[in-house]
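Q: Since the structure of chain G is already known, use the hints to place chain R on it.
Protein chains: 2
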Amino acid sequence: MAEAATAPAARASIGDSEFDRDTAVTRREPGVYDIDLSAGWTIFGAVNGGYLLAVLGRALADALPHPDPFTISAHYLTASRPGPAVIRTETVRTGRTLSTGQASLLQRDEAGNEVERIRVLASYGDLGTLPDDVRTTARPPAFPPLEHCIGPEDGPSPVDDTSPIAERLMLKLDPSTLGWALGAPSGKGEMRSWFGLADGRDADPLAMLLAVDALPPTAFEIGISGWVPTVELTVHVRHRPAPGPLRVSITTRNLAGGFLEEDAEVWDSEDRLVAQSRQLARVKRG
Amino acid sequence: MAEAATAPAARASIGDSEFDRDTAVTRREPGVYDIDLSAGWTIFGAVNGGYLLAVLGRALADALPHPDPFTISAHYLTASRPGPAVIRTETVRTGRTLSTGQASLLQRDEAGNEVERIRVLASYGDLGTLPDDVRTTARPPAFPPLEHCIGPEDGPSPVDDTSPIAERLMLKLDPSTLGWALGAPSGKGEMRSWFGLADGRDADPLAMLLAVDALPPTAFEIGISGWVPTVELTVHVRHRPAPGPLRVSITTRNLAGGFLEEDAEVWDSEDRLVAQSRQLARVKRG
Chain G
-2 MAEAATAPAA
8 RASIGDSEFD
18 RDTAVTRREP
28 GVYDIDLSAG
38 WTIFGAVNGG
48 YLLAVLGRAL
58 ADALPHPDPF
68 TISAHYLTAS
78 RPGPAVIRTE
88 TVRTGRTLST
98 GQASLLQRDE
108 AGNEVERIRV
118 LASYGDLGTL
128 PDDVRTTARP
138 PAFPPLEHCI
148 GPEDGPSPVD
158 DTSPIAERLM
168 LKLDPSTLGW
178 ALGAPSGKGE
188 MRSWFGLADG
198 RDADPLAMLL
208 AVDALPPTAF
218 EIGISGWVPT
228 VELTVHVRHR
238 PAPGPLRVSI
248 TTRNLAGGFL
258 EEDAEVWDSE
268 DRLVAQSRQL
278 ARVKRG
Chain R
-2 MAEAATAPAA
8 RASIGDSEFD
18 RDTAVTRREP
28 GVYDIDLSAG
38 WTIFGAVNGG
48 YLLAVLGRAL
58 ADALPHPDPF
68 TISAHYLTAS
78 RPGPAVIRTE
88 TVRTGRTLST
98 GQASLLQRDE
108 AGNEVERIRV
118 LASYGDLGTL
128 PDDVRTTARP
138 PAFPPLEHCI
148 GPEDGPSPVD
158 DTSPIAERLM
168 LKLDPSTLGW
178 ALGAPSGKGE
188 MRSWFGLADG
198 RDADPLAMLL
208 AVDALPPTAF
218 EIGISGWVPT
228 VELTVHVRHR
238 PAPGPLRVSI
248 TTRNLAGGFL
258 EEDAEVWDSE
268 DRLVAQSRQL
278 ARVKRG
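So the protein sequences, as listed, match chains G and R.
First residue of the first sequence: -2, per my numbering; consecutive thereafter.
First residue of the second sequence: -2, per my numbering; consecutive thereafter.
Worth flagging that the hints you see were computed from the coordinates, not collected in a lab.
Backbone N, C-alpha and C fix where the C-beta goes; we use that ideal spot for every residue, glycine too.
Check before you lean on any hint, since a few could be wrong.
[Said to hold, decoys possible] Pairwise CB distance ranges (calculated):
1) D123/R / D123/G: 40 to 48 Å
2) A139/R / R136/G: 17 to 25 Å
3) S173/R / P27/G: 49 to 57 Å
4) D268/G / E144/R: 41 to 49 Å
5) A139/R / R18/G: 49 to 57 Å
6) D59/R / P226/G: 21 to 29 Å
7) G241/G / P240/R: 32 to 40 Å
8) R136/G / G241/R: 30 to 38 Å
9) E107/G / G241/R: 46 to 54 Å
10) P142/G / R18/R: 53 to 61 Å
11) D13/R / D31/G: 52 to 60 Å
This is chain G alone, in the form it adopts within the complex (with noise of 0.2 Å):
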């Protein structure tokens, strides 16, 4: 049921899909790298911080000895645009188990000068070498199932030419919040969805970096309908996900002075708790 869902074309596979070409980075020189930001990945001309970060993350897997993205924090400095990018890498430290990576995302504004967009500091290591041992108290939070969740598609304009990354992702949000888009937010705080590549490719942990930021923003159940950009964004990947559509639960619990934290929990078909985030983001008033 849940493939079927998540399957609604031919199925993709990881490393040959819609997300791996648009985030795939080519070396120009070593620890240096270029990428056309798709148009593919914006929401009302502004690109998808997680897309951003994915890309980050992808020119960091090539640069460090180390695979996985275990912490990565990005600070959000200017708006990025679709089009051209040079990604700036420069590894900090390398060890057996972690390194330690930096990465800029840069862009040519209309004078031709080079502007920072995102800076980023992560540590990767090779999630495949874990030990298995797990003492977790954490407990997948409560989701209606798939089938019962609401998604673009099941809304009145299906096809919104403002946030072409909709007709990407699989979003089915639980109902129960859903509020802010009836008019009636709960208040609370919470947003909680299913998550998946539209084209059916699994999450792997790139893809994750893209999922703790694809919900409609926590602000909007708490009553504030104006842009809330990231100003900072830290995820880290605890496990590889299995395969099948993710359970994404945001949660804010503090907004004040104008800002709130968004923290992400990322779960997968296993039940097990494979990332958490947590982001600092700024309420604008729209």
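A: Just chain R, lined up with the frame of chain G:
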């Protein structure tokens, strides 16, 4: 009562205290600072990660146009030692509300080569300029009164030569998170403590960078006795704390694959959630 408990000695003040003197940095040239890391903030010979973050935070507060760390992420690369260190900062971006900077702390090894200890990426602002709007659902954790909590001075050996930091902190742990000390860990991964500086200096944003990493590891309550070094620590400072002791509540929900997260909340005497932090730590069996 709390006042008395926090100020056994003459009350020190912000700007004139042990913490201020031991985190003071000297500008060598624009963006470059010298410091002599104090042995007074070590435990078992290791310099406390929160003290180091406060040192880096002070250097960035001088280098950037904004005074307060709104979000600061540190990746710990190699173990710092008491003694001379240099901090090199870079101003990444300056804006009206926020500015972003980077800092590295380096020390010389036996051969005289510079070794990077920590790298930090942070966005600074001015807490004094934030609007007062608060829409929070967060509630203070349940804490026993300070006089019912337990500090090192209540133990059999109040003076512990191996952890001088204990003499500089006012830590009073919630007895319900002290099972590990009695050989009966709760298995819950929770640690709660009242926090202050022993000389009575009130907390400010820099002291909160210390507070989030000052408690015993939650891993102890999960039944792990080994060393739990921090890989990455991110702190969000949300409000300037009111005078008086802070309450620090730390939770670990997911220990898996040899890594765990520690989520800290810092509450002030006016029941405000003044800081939130999350760290990824590595479990090294003792």
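Q: All hints are to be evaluated individually against the structure, with a verdict given for each.
A: Going through the hints against the structure:
{"no.": "1", "hint": "D123/R / D123/G: 40 to 48 Å", "in the structure": "holds (42 Å)"}
{"no.": "2", "hint": "A139/R / R136/G: 17 to 25 Å", "in the structure": "holds (21 Å)"}
{"no.": "3", "hint": "S173/R / P27/G: 49 to 57 Å", "in the structure": "holds (53 Å)"}
{"no.": "4", "hint": "D268/G / E144/R: 41 to 49 Å", "in the structure": "holds (43 Å)"}
{"no.": "5", "hint": "A139/R / R18/G: 49 to 57 Å", "in the structure": "holds (51 Å)"}
{"no.": "6", "hint": "D59/R / P226/G: 21 to 29 Å", "in the structure": "holds (27 Å)"}
{"no.": "7", "hint": "G241/G / P240/R: 32 to 40 Å", "in the structure": "violated (52 Å)"}
{"no.": "8", "hint": "R136/G / G241/R: 30 to 38 Å", "in the structure": "holds (35 Å)"}
{"no.": "9", "hint": "E107/G / G241/R: 46 to 54 Å", "in the structure": "holds (52 Å)"}
{"no.": "10", "hint": "P142/G / R18/R: 53 to 61 Å", "in the structure": "holds (60 Å)"}
{"no.": "11", "hint": "D13/R / D31/G: 52 to 60 Å", "in the structure": "holds (53 Å)"}
In the structure shown, a violation is registered for the earlier hint numbered 7 alone.
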